[in-house]
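*Asks:* Listed below, chain by chain, are the residues.
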Amino acid sequence: MINLEHIFKWHNTGNNRVFLLKDINLHFDQGEFVSIMGPSGSGKTTLLNIIGMLDDASEGKYDFQGQNIYQIKDKQRSALYKENIGFVFQAYHLIDELTVYENIETPLLYQNIKSAERQAIVADILDRFNIVGKKNLFPSQLSGGQQQLVGIARAIVAKPKLLLADEPTGNLNSKQGQEIMELFQQLNKEDGVTIIQVTHSEKNAEYGQRIIELLDGRIEKK
Amino acid sequence: MLKNFVKIAIRNLLRSKGFSLINILGLAVGMASAILILLWIQNEMSYDQFHEKKERIYEAWNKASFDGNLNCWNTTPKVLARTLERDFPEVEQSVRVDWNNDHLFSVAEKRITLKGNQVDSNFFQVFSFPLLKGQVNTVLNDRHNIVLTEKTARKIFGDEEPMGKIIKLDNADNFTVTGIIKDLPNNTRFNFEYLLPWSYLRFKGNDDNEWSNNSTRTYVLLKPGINVEGLQSKLKKLKQKYQPEEPKWEMFVYPIAKWRLYSSFKNGVEDGGRMVFVRLFGIIACFILLIACINFMNLSTARSEKRAKEVGIRKVVGAHKNSLILQFIGESILIAFIAAIIALIIVQLSLSGFNALTDKHLFVPYGNILFWLSGFGFIALTGIIAGSYPAFYLSSFQPVTVLKGTFKKAHALVTPRKILVVLQFTFAIILIICTIIVKQQINYAQSRETGYNKDNLIFHFLTGDLGKNYDLVKNDLLASNAVVSVTKTSAPLTQSWSDGWGQEWEGKDPNDKTDFRRYVADENLVKTIGLTLVKGRDFNLKEYNTDSTAMMINESSLKVFKFKEPLGQLIKDNGRQWHIVGVFKDFILESPYQPTKPMLVYGLKSNWFSVIQMKLNGKNKTAANLKTVETIFKKYNPEYPFEYKFVDEDYAKKFEDEQTTGKLSSIFGVLTIFISCLGLFGLATYMAENRVKEIGIRKVLGASVAHITALLSKDFFILILIAFVIASPISWWFMHNWLMGYPYRTDIEAWVFLLAAALSFLIAFISVSYQSIKAAVANPVKSLRTE
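Protein chains in written order, with the working numbering: chain G, 1 to 222; chain S, 223 to 1009.
These are computed hints drawn from the structure, not numbers from a lab. Hints are supplied without guarantee of correctness; some may be wrong.
[What the hints assert, rightly or not] Here are the simulated DSS-like pairs of lysine-lysine, each with C-alpha atoms no more than 27 Å apart in a straight line:
| no. | chain 1 | residue 1 | chain 2 | residue 2 |
| --- | --- | --- | --- | --- |
| 1 | S | Lys582 | S | Lys867 |
| 2 | G | Lys114 | S | Lys543 |
| 3 | G | Lys189 | G | Lys175 |
| 4 | G | Lys135 | S | Lys225 |
| 5 | S | Lys749 | S | Lys841 |
| 6 | G | Lys159 | G | Lys82 |
| 7 | S | Lys225 | G | Lys82 |
| 8 | S | Lys225 | S | Lys640 |
| 9 | S | Lys640 | G | Lys82 |
| 10 | S | Lys757 | S | Lys781 |
| 11 | S | Lys387 | G | Lys73 |
| 12 | S | Lys229 | G | Lys135 |
| 13 | S | Lys229 | G | Lys82 |
| 14 | S | Lys480 | G | Lys75 |
| 15 | G | Lys135 | S | Lys531 |
| 16 | G | Lys159 | S | Lys867 |
| 17 | S | Lys276 | S | Lys480 |
| 18 | S | Lys373 | S | Lys390 |
| 19 | S | Lys225 | G | Lys159 |
| 20 | S | Lys387 | S | Lys426 |
| 21 | S | Lys827 | S | Lys794 |
| 22 | G | Lys161 | G | Lys114 |
| 23 | S | Lys543 | G | Lys159 |
| 24 | S | Lys764 | S | Lys749 |
| 25 | G | Lys75 | S | Lys531 |
| 26 | G | Lys135 | S | Lys749 |
| 27 | S | Lys827 | G | Lys114 |
| 28 | G | Lys134 | S | Lys225 |
Just chain S, same shape as in the assembly (with noise of 0.2 Å):
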């Protein structure tokens, strides 16, 4: 029996190319981006799912209240890691992982930077990173140990063995491997090259014991067993036994399941995180799929009349009707089988592509058995809900009225099609407004003023000498013609690296706990990036030696301080006096989509440099003046590599998040829109055939071409019309609220809405006007004879 369902799928199949193709090409799409999806949510469900000890690692936050607002934030006192081994017994142990930063590496000629944590000596206790060659409790202990992953030892020491071996760090400090680790998988928060002992960082002095200082991550291990809430409880007081001075602030731990995908919260309270986008891509999957499903139903029950003989003859010769629900789901789920072949192969060829937008490792987990088996599951559910449809109705037929010849072919059918097709296309519309949306916003945050001119601006992070050599570097470049002007600073132009309150200035409301954002330059900032001044003047440490205590403040500051006259005003901070010298138009220094915040540009006596900035001079060629500042930089700092960045290529790395949602939107959105339009193909053929009769007879009534194309295309347009006023205020709900994060964002318009109904009607109009043609082009003698 079964051999004969296959037989007779796979003929129909074949008998009816073009139809099979879209039908099976539909699903492929359908079920390619489903599958995508799912690796993608699988990925980011599975982060550090891998640690052997994963129920019992947590991270040590806390919880304090700034400016009103509750906050939770992540970063802890160097101190507490040991503060809680020893007071609370239900912790086992602790581990400190500080920053992940950059250091050059020197093995004979080679130099290298990579990014590597300093962690405290028990990490591969806690942590799950098998070691391939050395010993778990030892590898660290040594304050000159390094671990190397099995990439970073093959990019210092190609195929030489590289246990035992020395490397320079930074210039300084030697270092001996001591293990190797096997490369970090792709779901892992952890992004290191190397691990070096917390020992070096306290050599190095930059160990403290301040519990006013959150300056690192620390991780807990608990004891198997332990009631958590408990531990919770009496972390609550925690930071008043050491710090009373902060009556109420609350530590707590987190555990690691939702690291990745809640780790937000919102006065206090968890607000979803990532958990939210997983669950839209979830939701997204299945409607595509959906999607898909309905395409096919569509597809198939507009073929039933060429299956109906075949239903009525099979019940003649006694079959029951389950034995043909089984047939047509069998040959559903044997469609889905080919479809996801198909779907597979795509996904094999779209993945680098995938992956470079989501910027992830994602792959086929071809060797996995459960992915077979959750394949195989997929391939049914798929079938099932596909072909479920079509069988109930095909096999509800009446072999009287089939046989007869005269099956009428039943209207009222017409409804629940038409349905599935307003459903489509309400979601491809909602899809195309939303992508519409999200790119106005992108342009409109884009297009907004920066504040500063990112022309011919680079910059370089003062790597190995440059700090030492400052003034030499400057006074060649400056020379040298390739650029106008130098100016050093605390932090890159797109980053805000440090904010404080605290700051006193004369009528100040004792109550003010105005957050700053602090920004420190030697001179000439106004005139290297750009700034536009509104009072004052820039910082001039030739003609004014007073500047190194000078102040440059932002017109938001100037309205929190309400200075009338802002120049000369003394600002106490960190134990020293300040006097402003100029009042500049706010920058953007953090998010586009943001309001700027206050912001204090301190002079030189702050000594906290970490970036050279340059114009480059804009009458030479880009690259002729890169080469000599390369020159120039490989003078003063030759063990270290030239590594300048644009500002401009920097600050459009804010766009990114929303640059890829908007392109998935798009992606999801031409994919929704083809498999609709496959769709709305396959009920136009279905209907051109079911009026054949008519549109001969008005033909011959002497009805134009023209007139005919109109009357078979009316129909899909009330249904396009009608999709349209369903999206319409539930893709207005979606881009409002999703825009409500985005204080600086971009007004929704009328003219997007009518722009997605012109883009859907053309579309339909496309994929209908091909069968409406046909149609009435087609000479009537030959309908009519049918009949």
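Isolated chain G (complex conformation) (with noise of 0.2 Å):
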């Protein structure tokens, strides 16, 4: 599904070149479970930017379902993207105008599904992730676990293929932690969503089928 080869990043700063990540050459298959780790600074969330095309590699061939994205066309590429890729962030990261159920609901406005059909997605997610008692409620008023809930809510509601999550229990306490972890599970075997998730926890990274461990922008261990 995802094939990376020879990527590179790097910042310049004045004169020197900062790298970011070196020479990573990885694969991915579909319905997958990887977990990525590594200290802070290793270039675990460069990485999962770049697969999840909200950054660019410096260099390096990046093919997503059998496409070079990097020669594709920008609209095939947001298509692409809009269609198989959702995220979960470590700070959730919910609109905070918005309810639990506008939140969940968003993605499909840009993918330009019909209201009534949007209803039914997301009073679906709602009633599976046991959250339709909170469907009018603000972010500001849901524990961190439940505000990862909806985030997950919100990344899975247009069936993405890819889930890429980015310490999705950072913040959440270690019993969240353990459910969030459970329902990755439960969407990887149930619903075949490839998942890649950064994570610093030994034990939420046991979840995955395989680990990726990185060091300085290398990959230590496959």
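The two chains are supplied separately, each in an independent frame; assemble them into the complex guided by the hints.
*Replies:* Written out as structure tokens, the structure reads:
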């Protein structure tokens, strides 16, 4: 599904070139659940952003579903992104001015799904995540765990094939974290969503089928 | 999607109420000003555009040269109208409209003076003033017919049926009401309360066939499809045909579309006229709106960080840049819409004041579809202009940067916004300077010596029997002790009603064509109005019975005559000889902004009197004096109302135009400053927020509140300084050109600029200091903890 070849990422500061990623070669198959680990500053988030097309590599080749995304047109790429990728963040990143329901609905708006259909999809997700009673609350009225639940619901509402999670449990206590991880596992197994997560926690990393360790922008261990 | 956007927009507005208030209020005030100005412009542009035959209606004008100047004017001989109809097949009809005059109306016990015109009977066939009652073609056929406006009819007859009723005019002739027209719209040059037929004017012996007597206005209705250029070239030679002694005198016709805004000529060429004002106001309207939009941009971008996260998230969940641009522009259109509603309320509330100021009857045309369409266009345009910058700026955020939480408050962006603030303040400072200079010019002209004493001086037109009973009135007035001196004159002291050249005197240069102001007085003019005599004496009929052919001249005339000894010199005019008995210091008869002109005051023999001038007794109460005068007037002129005027009030009217200019520029100046301050306040808020960490660190390191306030305010002062440097030469240039139109004018002095600078610094300081001080006194522990 995803193929990264010789990916480099750097910043130029003055005359110095600071490398964030060095020669990354990775392959992910459809249906995998992969954890990326590594200390702070090792390039985990950068890698995740590149995979999630939020950021471009400075050098290298990135194939997504067989398409070289640095060579296709912007429009195709954003279509590819919209249909296939969902993001979950450590800080949840919900829109404060929108209710739970409206937050979850937002991705569907950008995919031009009709109103009735949207309602059905969102109702479905709310039901599945057990947050029907909270659908009219604003993010500030929810606990961290609940907010992250909404974040995940929003990430998968448009049925993406790939779910990218950047330390999804970083702001949660261990019990909430565990629930989120179990949800990920369920999504992976039952819905076949490919999941790539960045995490600090050994325990959470174990939920993945494979762990990639990064250090100073290099792959330390696959 | 739209619902989602509207929801988020409204929630955002409600979340930060202060910010929304500033933003919407600023925009609303800007819009309200623009709407008022646009209403005014629309009214000016629509003058006399409602006539159905407007494409074919023209006015006859003259063009001839005097004193080396090519002059154009629109009074014509009375004989012209019929001549045009007879000699030119292009002309379908021609209508004369005589001066707007007061006449006394008597119906039963009612006495009112009303203003009206005497017109040719085909008036209604040319101009579209709809007749509610009466026949267009015959309504003014008889010389004792009269047409009233609805309002006039109501004034005279109340709810009674006016048609066929008899009105006595000037206590002399009876008129039958034969037509009622709709009240005149507020955008026509005509200003009559009734119309009388031209045949009445002829009946009174006021018609003539003199080609040399330019005394009425002549309008022309051309046949359809006429080549106007061809007609113009034929008209050039019309005057010579009937008056061969004026070889260089041309006539032309001037189209209705240009009457209101262009009828101004300099040396025979159009020189702008009112259109200059209309354009200037248009520019001001655009600028105020632009400033309000700039404000909006400034405040919206200042708040961009608060929206940055939302932008990032929307992009992550699949929003395309375009849809974000659409969202933010949509939001600003929504705000513009709310602002427009408030603006309409402001307009409605301030319209009566604005009308009083501009002497108009403007109204918001709520029933007009075009108004609503252009209104929505206006809102959309404002929203797009105001929202485009924040929209493009916000939508360009990179989600990675924004969501990482290390979103650097882009310092690069401060620069364009600083430019916007400079632009705003430049405009504000220009308006401040202009306001001060306009006020100065008015004060300067007001403080000019008038040359006579206006205190306790009143005048009354010689209405009804006053002329006949003048001597009796005068005796009673003087005997009553309410009045110390009485003089009858040809015109009020504030207007020149007659001027002319061709007088003869000893040693006159045969080429001299000096135009003298003509004025007539019986006696005691110097005493009554308080002139300063330089030589000789006042007219005095009791002691010198030859004074009926005496003349007094002003110093400017003396310069023209070049007499060594003026007293006793003879001046020939109109077939009569006048001997000079006195020379007085020039007084201001016309514009206080113009140099005084040579002026001749003729004695009683001239026999042309319209006004009685009275000097009230300063020892009595004015009200008591007026009461006494009224009783005497009522006694000798019972049919006419007592309508005196104070000369000083009449004189004050000479400043009205400039005062209006001054008031308008100060109002728009204040508005601009208000809006600009809102913008500055917003920017200060942004800057203070931006530097919270810096301020915290500085405080921890020991900086005082004063130090930090100064640090934060400094940047803004530099901006104001730049604005001042740009604004000064621009306003100097504007005001210099404006003042050039006034021969008698004030100088532009440096202190005006310094005052404007000080004022803008003070205003800026007030709007900035709140935020600066707030930031400076904040506890650093708080600001540093958030990092």
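*Asks:* Does each hint hold? Answer for all of them.
*Replies:* Results of checking the hints against the structure:
In summary, the hint linking Lys582/S to Lys867/S is supported, as the alpha carbons are separated by about 24 Å, within the 27 Å threshold. Note on Lys114/G and Lys543/S: the hinted pairing holds, with a Cα-Cα distance of about 21 Å set against a maximum of 27 Å. In summary, the hint linking Lys189/G to Lys175/G is supported, as the alpha carbons are separated by about 21 Å, within the 27 Å threshold. Simply put, Lys135/G and Lys225/S have alpha-carbon atoms about 17 Å apart, close enough for the 27 Å limit, and the pair holds.
For the suggested pair Lys749/S and Lys841/S, the alpha carbons sit about 17 Å apart, so the restraint of at most 27 Å is met. Between Lys159/G and Lys82/G, the direct Cα distance comes to roughly 10 Å. Compliance with the 27 Å bound is thereby established for this hinted pair. Restraint check for Lys225/S and Lys82/G: the C-alpha separation of about 21 Å stays at or below 27 Å, so the hint holds. Between the alpha carbons of Lys225/S and Lys640/S the distance comes to roughly 35 Å, so the proposed pair goes past 27 Å and is violated.
A hinted pair counts as satisfied when its Cα atoms are at most 27 Å apart, and Lys640/S with Lys82/G does not qualify at roughly 38 Å. Restraint check: the Cα-Cα separation between Lys757/S and Lys781/S comes to about 14 Å, which is no more than 27 Å; the hinted pair holds. Restraint check for Lys387/S and Lys73/G: not satisfied, since their Cα atoms lie roughly 87 Å apart, outside the 27 Å limit. About 16 Å separates the Cα atoms of Lys229/S and Lys135/G, which keeps this hinted pair within 27 Å; it holds.
A threshold of 27 Å between alpha carbons decides the hint, and for Lys229/S with Lys82/G the separation of about 23 Å falls inside it, so the pair holds. Restraint check for Lys480/S and Lys75/G: not satisfied, since their Cα atoms lie roughly 56 Å apart, outside the 27 Å limit. Among the hinted pairs, Lys135/G with Lys531/S is consistent with the structure: their alpha-carbon atoms are about 21 Å apart, no more than 27 Å. Restraint check for Lys159/G and Lys867/S: not satisfied, since their Cα atoms lie roughly 88 Å apart, outside the 27 Å limit.
For the suggested pair Lys276/S and Lys480/S, the alpha carbons sit about 11 Å apart, so the restraint of at most 27 Å is met. Between the alpha carbons of Lys373/S and Lys390/S the distance comes to roughly 18 Å, so the proposed pair stays at or under 27 Å and holds. Annotation: proposed proximity of Lys225/S to Lys159/G holds, straight-line Cα distance about 23 Å (limit 27 Å). For the hint linking Lys387/S to Lys426/S, the alpha-carbon distance of about 22 Å falls within 27 Å, and the restraint holds.
The straight-line distance between the Cα atoms of Lys827/S and Lys794/S is roughly 13 Å, inside the 27 Å bound, and the hint therefore holds. For the hint pairing Lys161/G with Lys114/G, the CA-to-CA distance comes to about 21 Å; that is within 27 Å, so the pair holds. Only pairs whose Cα atoms come within 27 Å are accepted, and Lys543/S paired with Lys159/G is accepted, the gap being roughly 22 Å. Using a Cα cut-off of 27 Å, the hinted pair Lys764/S and Lys749/S holds, with the two alpha carbons roughly 15 Å apart.
Restraint check: the Cα-Cα separation between Lys75/G and Lys531/S comes to about 23 Å, which is no more than 27 Å; the hinted pair holds. Among the hinted pairs, Lys135/G with Lys749/S is inconsistent with the structure: their alpha-carbon atoms are about 93 Å apart, more than 27 Å. With a C-alpha separation of about 97 Å, the suggested pair Lys827/S and Lys114/G falls outside the 27 Å cut-off, and the hint is violated. Among the hinted pairs, Lys134/G with Lys225/S is consistent with the structure: their alpha-carbon atoms are about 20 Å apart, no more than 27 Å.
Of the hints listed earlier, those the structure fails to meet are numbers 8, 9, 11, 14, 16, 26 and 27, in rising order.
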